[in-house]
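Participant: Guided by the hints, dock chain B with the ligands onto chain A, whose structure is given.
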Amino acid sequence: MDFNLQEDSPEMTEFRKEVRAWMEENMQGGEHLRWSASWSTREDEEEYGFRRALGEKLGKKGWLFPMFPEEYGGAGLSVDHQFVLETELSRYGLNLTHIFYTLARIVAPVLLHWGSEEQKREFLPPITRGEIVVWQVLTEPQSGSDVANCQTRAIRDGDDYVVNGQKVMVGHHLPPDALWTLVCTDPDGKRHENLSWLHIPANLPGVTIQHMHLMMGIKNAVFFDNVRVPAKYLVGGENNGWKVAHTHLELEHGGDGRVGTDPVVDRVVDYCRNHDVGGKPLIDDPHVRDTIADMILEINTVNRMNRRIFWHRFVKQPHAYGGAQFRYYQRMVRLRNGERLQKIMGADALIPDHGVHEVLDFEYVIRSGPGQLHGGGTLDTDRLIFARRAGIGRATKEQAPDTV
Amino acid sequence: MDLRLNEDQEMFKKVAGDFVQAEAPTTMLTQQFLKKETFLPDLYAKIAGLGWLGMLMPEQYGGTGLSYLDCGVVFEELGRGPVPGPVFSSGVLAAQIVLDGGSDAQKQELLPAICGGDAIVIPAIGDHGAHWGPETVATTCSQSGDTLTLQGTKRHVYDAGGATAFLCAVRGGDGGVSVVLVDRNARGVTVTPHTGFMVSVSEVSLDGVQVPAGNVIGSAGAGWELLDKAAEKAIPILCAYKVGACQEVYEFTVQYTNERRAFGQLIGRFQRVQDHCVELSIHMDRARMATYETLWLLDEGMPAEAGVHESKAAASEGYHQACSYSHMVHAGPGTDYLHPLMVHSVLAHTLYQYLGTPDYHKRRMVDALYPRT
Ligand SMILES: Cc1cc2nc3c(=O)[nH]c(=O)nc-3n(C[C@H](O)[C@H](O)[C@H](O)COP(=O)(O)OP(=O)(O)OC[C@H]3O[C@@H](n4cnc5c(N)ncnc54)[C@H](O)[C@@H]3O)c2cc1C
Ligand SMILES: Cc1cc2nc3c(=O)[nH]c(=O)nc-3n(C[C@H](O)[C@H](O)[C@H](O)COP(=O)(O)OP(=O)(O)OC[C@H]3O[C@@H](n4cnc5c(N)ncnc54)[C@H](O)[C@@H]3O)c2cc1C
Numbered sequence: 001m002d003f004n005l006q007e008d009s010p011e012m013t014e015f016r017k018e019v020r021a022w023m024e025e026n027m028q029g030g031e032h033l034r035w036s037a038s039w040s041t042r043e044d045e046e047e048y049g050f051r052r053a054l055g056e057k058l059g060k061k062g063w064l065f066p067m068f069p070e071e072y073g074g075a076g077l078s079v080d081h082q083f084v085l086e087t088e089l090s091r092y093g094l095n096l097t098h099i100f101y102t103l104a105r106i107v108a109p110v111l112l113h114w115g116s117e118e119q120k121r122e123f124l125p126p127i128t129r130g131e132i133v134v135w136q137v138l139t140e141p142q143s144g145s146d147v148a149n150c151q152t153r154a155i156r157d158g159d160d161y162v163v164n165g166q167k168v169m170v171g172h173h174l175p176p177d178a179l180w181t182l183v184c185t186d187p188d189g190k191r192h193e194n195l196s197w198l199h200i201p202a203n204l205p206g207v208t209i210q211h212m213h214l215m216m217g218i219k220n221a222v223f224f225d226n227v228r229v230p231a232k233y234l235v236g237g238e239n240n241g242w243k244v245a246h247t248h249l250e251l252e253h254g255g256d257g258r259v260g261t262d263p264v265v266d267r268v269v270d271y272c273r274n275h276d277v278g279g280k281p282l283i284d285d286p287h288v289r290d291t292i293a294d295m296i297l298e299i300n301t302v303n304r305m306n307r308r309i310f311w312h313r314f315v316k317q318p319h320a321y322g323g324a325q326f327r328y329y330q331r332m333v334r335l336r337n338g339e340r341l342q343k344i345m346g347a348d349a350l351i352p353d354h355g356v357h358e359v360l361d362f363e364y365v366i367r368s369g370p371g372q373l374h375g376g377g378t379l380d381t382d383r384l385i386f387a388r389r390a391g392i393g394r395a396t397k398e399q400a401p402d403t404v
Numbered sequence: 001m002d003l004r005l006n007e008d009q010e011m012f013k014k015v016a017g018d019f020v021q022a023e024a025p026t027t028m029l030t031q032q033f034l035k036k037e038t039f040l041p042d043l044y045a046k047i048a049g050l051g052w053l054g055m056l057m058p059e060q061y062g063g064t065g066l067s068y069l070d071c072g073v074v075f076e077e078l079g080r081g082p083v084p085g086p087v088f089s090s091g092v093l094a095a096q097i098v099l100d101g102g103s104d105a106q107k108q109e110l111l112p113a114i115c116g117g118d119a120i121v122i123p124a125i126g127d128h129g130a131h132w133g134p135e136t137v138a139t140t141c142s143q144s145g146d147t148l149t150l151q152g153t154k155r156h157v158y159d160a161g162g163a164t165a166f167l168c169a170v171r172g173g174d175g176g177v178s179v180v181l182v183d184r185n186a187r188g189v190t191v192t193p194h195t196g197f198m199v200s201v202s203e204v205s206l207d208g209v210q211v212p213a214g215n216v217i218g219s220a221g222a223g224w225e226l227l228d229k230a231a232e233k234a235i236p237i238l239c240a241y242k243v244g245a246c247q248e249v250y251e252f253t254v255q256y257t258n259e260r261r262a263f264g265q266l267i268g269r270f271q272r273v274q275d276h277c278v279e280l281s282i283h284m285d286r287a288r289m290a291t292y293e294t295l296w297l298l299d300e301g302m303p304a305e306a307g308v309h310e311s312k313a314a315a316s317e318g319y320h321q322a323c324s325y326s327h328m329v330h331a332g333p334g335t336d337y338l339h340p341l342m343v344h345s346v347l348a349h350t351l352y353q354y355l356g357t358p359d360y361h362k363r364r365m366v367d368a369l370y371p372r373t
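In order, the protein sequence lines correspond to chains A and B. Terminal number for the first sequence in this note's numbering: 404, no gaps in between. Terminal number for the second sequence in this note's numbering: 373, no gaps in between.
Hints listed in this document are in silico derivations from the structure and should not be mistaken for laboratory results. Owing to the predicted nature of the structure, the values given are computational and were not obtained by experimental measurement. All the given hints hold, so there is nothing to weed out.
When the alpha-carbon atoms are kept at most 30 Å apart in a straight line, the in silico DSSO-like pairs for lysine-lysine are as follows:
hint: 1; chain 1: A; residue 1: K397; chain 2: B; residue 2: K13
hint: 2; chain 1: B; residue 1: K13; chain 2: A; residue 2: K316
hint: 3; chain 1: B; residue 1: K14; chain 2: A; residue 2: K316
Excised from the complex, chain B in its bound form:
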C-alpha cells in the first residue's frame, strides 16, 4: 500500500494546476458560466497542445498512452477550475468508444483528430428525460442501400456546443442498439442549448439525417455493450474531475470561514459552520478514495466494475453535496452567479445526471458484487 503520487504524477499535477490558474481563472469562468458559453475554442486548443486529449489513447493513434492514474491526476486539476469543454466527453469517452468499437480505418481517421483537438466527437445517447440505460435509446435508424436514416431527439447531450460530430445511439429495425457517427453539419441536425440550472447541455435533434452505413461504430445491434464497456473505463476519469472540483470547493469554503465575521467573530468559530465543513470533507474524501482506488484497479487490470459504479455514485453525490454544504457556509454571497461557488453548483447539478444518476450506479454496483439469483 502506498498513497503517494509518483514523480511523474506530481509533475502532471503541478503543470495542470498551474495551467488552470493561468488559463482558466475563476473570474473568467464565472462570466462564461453565466453566459452559458462554456466551449472555449482557444482554451481547448491549448489543452490539445498539452496532449491532454487522448491521454488514455495509444500513441499510434495520436494519444499519449498514459495510465488511468496519470490521467486522473490531470483531470483532478482540471476539475478545480472547473475547466469546461469536451476534454472528457470527446478526449476520453468518445475516444474510448472509437478505440473499443471502431474498425482500423475508423480509428485511423478519428482518433488522431480527436487527440489533436481538430475533431470534437460527442456521445449523444439517450432520447428521453433524465435516465440512463439502453431503454432510453429511441432514435430510429432505417437502412436503404448504403444509407442510414436517423430520426429522433437526443434530449440531454453534454458538451454538444463545440461538437464536430456526434456518436449517436440508435435503434435499428430489429430493436438492437447501434452507435453511429453523425457529422454535426449533416442536414437535419439541430443543436439547441438548454437554459435553466444546468450548463453545457443541449438538445440534439436528428430529423431524417442521412449517413453512410459505414458510419456504424462496432457491430450493429451491440451498441449498448460497446457504450457500457467504454463508459466503465472513462467514468473514473470524470470522477477525478469531480474530486478536484470538490477539493476546490472545500478549500475556498475553509478559507471563507477564516475571513467572514459575524457576531464579532470568525464564522468558522461557530460549531454549526464547522459541522458543514466536516460533512463537506467526508463527501470529498469518500469520492476521492473510491475514485483513486478504482483508477488503480483499472491500471492493474483487476476487476473494476463495482468500483467504477461506486466511484460514480460517490463522486456525483459528493460534488452535489459539497456544493450544498458550501452554500450553507457562504449563505447569501454564495448565491451570486459571480461567486465561484455558483460555477460549481451549476456544474455539480449537471454532472449529477450525466452518464447515470447515483441511484443508477449504486444499483449497478450491487449487481456487480452480488448478482441477482
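Only chain A is shown next, with the shape it has when bound in the complex:
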C-alpha cells in the first residue's frame, strides 16, 4: 500500500514543478477569491469570470481532462499526471473538474463512452477545453428520483427530433451553451426502453430558460417548445438512453472520485485562532476543540473515500458501493458541519461577505447544506444504490459501470 500524494517519480516531479509554476502565474489576482463549494451557483460575476478564464487556459493545455486523447481535447497523459494536476490545484482549493460551472465532468466521459466518432470530434473538444458550458438536464416536475418517468418528448420528424416538455432545477445563473438532456423518444414504449439522450444546443429556437431562486442559489426551469434538434445529436442510440444514463449517473453518484481535500477544517481552525471569547482564543476552548475533532474525523473520512474511489476508477476496478456510500456520507457530513460552524462561530456564520469568510464561505456551506442533499439524486437514492451494489437482500451484487 502507498498513500503518498506527493512523492513522485522523477518525471512526475518535473511535471509537478511545471504545474506549480503555471498555477502560481495563472492564479495571480485570484488568491483573494473565496473558493468555497466545488461548484458554485453563487452569483458572483468576478469569481465566475476568473474561474471561467482559468478553465479555458487549463483547457488549452489539455489539462482539464488530462487523460483524454488529444483529438478530444485532452492531453493524452497518464493517471499520474492527473494525480499531480489534482493535487496541485487542490492547494488553491480548486478541483479540476469543477473549475467553473459546467457539468463537463460527467458529460465528457459519457460522450467518450457512448458517442459516435463524429459526435466525439464535434462535441468533445469545446467541452473538454472549457470553451463552452454544458448543463445536465434530467429533472422534471413529475420525474425527480424516478428519472425514468421522463415526460419530455423528442419525436423523430425527418432529419430532426422535435422536442416538447419542461425540465426543472438545472444549471446555474449564467446561460449555457449546450443542454445534455434525457428525453422520451417512444411515448408508447416500455419503461427504460423509451428514453434517449440528446445533445441540444441551447440557442435553438423554442428553448426558454427561466431562473428558479433556490436556497443554494439560482437553478433554472428549461422549456422546450417544438425545438428542432438534428437527429445526429442523439447519443448512444435511440431508446438506449437508460444504458447511457447508467454511465452518467454512476459519475453523478460519486463514482468519479477526487484526490483534493476539503479545506473546511483548516479554515475553521484559522478562524478559531484569530477570534477570542473573553480574551481567550476560541481554539483553546474545550468544546470548540471537541467539535473540531468530530469535523476532522468526518472530513478525513470523506477525503479518503473520495481518494479511494479515484484510485479504483483509474485502475479500472470500480468500487461497487464506494460512490453511493461516499455521496450519502459526504452530504450528511456537510449538513452536520453546517450546524457545527454555527456552534463555533455563532451568528457570524450566517452572514455572507464578512471579513472572516475570505478564506471560506461559511455561510454558503451552511445555506447550501440542506439543499445539496438532493442534487443529482437524494440520500435515499444513494442508499438504494448502495444496497444493490453491496448485495443487501439480493443474491447478486450489481456491478458499478466502467467510467473511464
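Facilitator: Using the frame of chain A, we list chain B with the ligands on its own:
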C-alpha cells in the same frame, strides 16, 4: 498511491484467514466467550508457532521484524474470529514497551520469551475506573534497599487471565510514574476476573508485592512517556484487529439480509434494513481507511501521532457502532449469547475502553494537530 496489498501481505492474509477458520471457529468462540474463558493456551501456542507474537520485534530478540502493514494484515484476520488471547497485549504492546524501555539484559531475557509465547507479559496501567492517562496511576511504589514494594489495585487489566507477568505502572515517592515488571506468582498478586458485559478483563491487586529494584523498565519517573510512545506504535495494530472484526460483522449481517424473510420477502428488501447496513459499512470503512493509512505512516517513519489517535477513535467507535447496527438488522436472534454477533458485541464494548475511549483519543488527535496556544 496504491491501495493494493503486496504479494507477501496477500499470503499473510490467506494464511491467517485460514488459520482463524480452522482453529477458532465461531461455534467454539461463542462457547468460550459465554464461559468467559478467553485465554486458550493451545491456540496461543499455535499462534506463537506461526511467529505472530512479536511481529514488530527485531529478529535478534526472537521476533520476525515485519512491517506495521504486514502485522496489521495478520491482525485484521485475527479480528475476524475474533481470536481472543493476549496476542496483541503481550505480543505487540508489552513487547514494544520492553523494546523501547528495557535495558539490553531485560530485552534479552524478556523479548524472546514473549515472542515464543513462554512469557505472557500484560500491561497493568490504570488503578481507577474507566479512564486512561497518567492521572489514573495510583499504585504506590516505595523502595528500601534493592527492593520495591507495590501497593494498589489495577481495576481493569485486559488479558490478565493468561499472564505470567505484569508491566505495572506505579507511582514513586516523588510522584513520577514508573513501569515495573511483576511476576504473576509473586506474593500479594491476586487476579480476579470481572463479570458483566465485558470479556477478558480482570482486576489485579498488588498487596505489598515485593520486587527487585532491577525490575524497573526504562528510567524511573519517565514511565508514562514510555507507555505513551509504545502505545502509539502498538495501537494501530489493535485497530486493524477491530477493522477485521467489523468486516466479519458486516459480512454476516449482509448475509442475514439475504436469508431472513419477513412479510413474505427478504428483510434486505426493506430500506430501513438497508440503511442499517449503510451505516455499518461507513463505520467499518472509516476505521479501515484511517488505520491502514496510519500503519503506512508508521512504516514510512512519518509523523503518525494524529493518525494513531484518529484510528483508535474511529476503530473503537466503529466496532461498537457496527455491532449496534448489526443488532438492528438481526433483531431477536442476534441477542442470543450463542449468536456470533454477541461475541463481537461484548468484545466491542470491552475494547471501546481499552487504552482510552474514543473521546480521549479525539482530544489527543486535536492536540497533535493543533496544539493549544
Ligand atoms: C442543489 C441541486 C442541484 C440540482 N442540479 C440538477 C441538475 O443540474 N440537473 C438536473 O437534472 N437536476 C438537478 N437537480 C434536481 C435533482 O436531481 C432532484 O431534486 C432529485 O433527483 C430529487 O428529485 P425531486 O426533488 O423531484 O424529489 P422526489 O423524487 O419527489 O423525492 C421526494 C422524496 O421521496 C423520496 N423517494 C423518492 N423515490 C424513492 C424511493 N424509491 N425510495 C425511497 N425514497 C424515495 C426522495 O428521496 C425524497 O425524500 C438539482 C437539485 C438540487 C437540490
Ligand atoms: C429484549 C427482548 C424481549 C422480547 N420479549 C418478547 C416477549 O415477551 N414475547 C414475545 O413473544 N417475543 C418477545 N421478543 C421477541 C421480539 O418480539 C422479536 O424479536 C421482534 O418482534 C422482532 O422479530 P425478529 O427478532 O424475528 O426480527 P425479524 O422480524 O426477523 O426482523 C429482522 C429485521 O428486519 C426488519 N423488518 C422486518 N419487517 C420489516 C418491515 N416490514 N419494514 C422494515 N423493516 C422490517 C426488522 O426491523 C429487523 O431489523 C423479545 C425480544 C427481545 C430482544
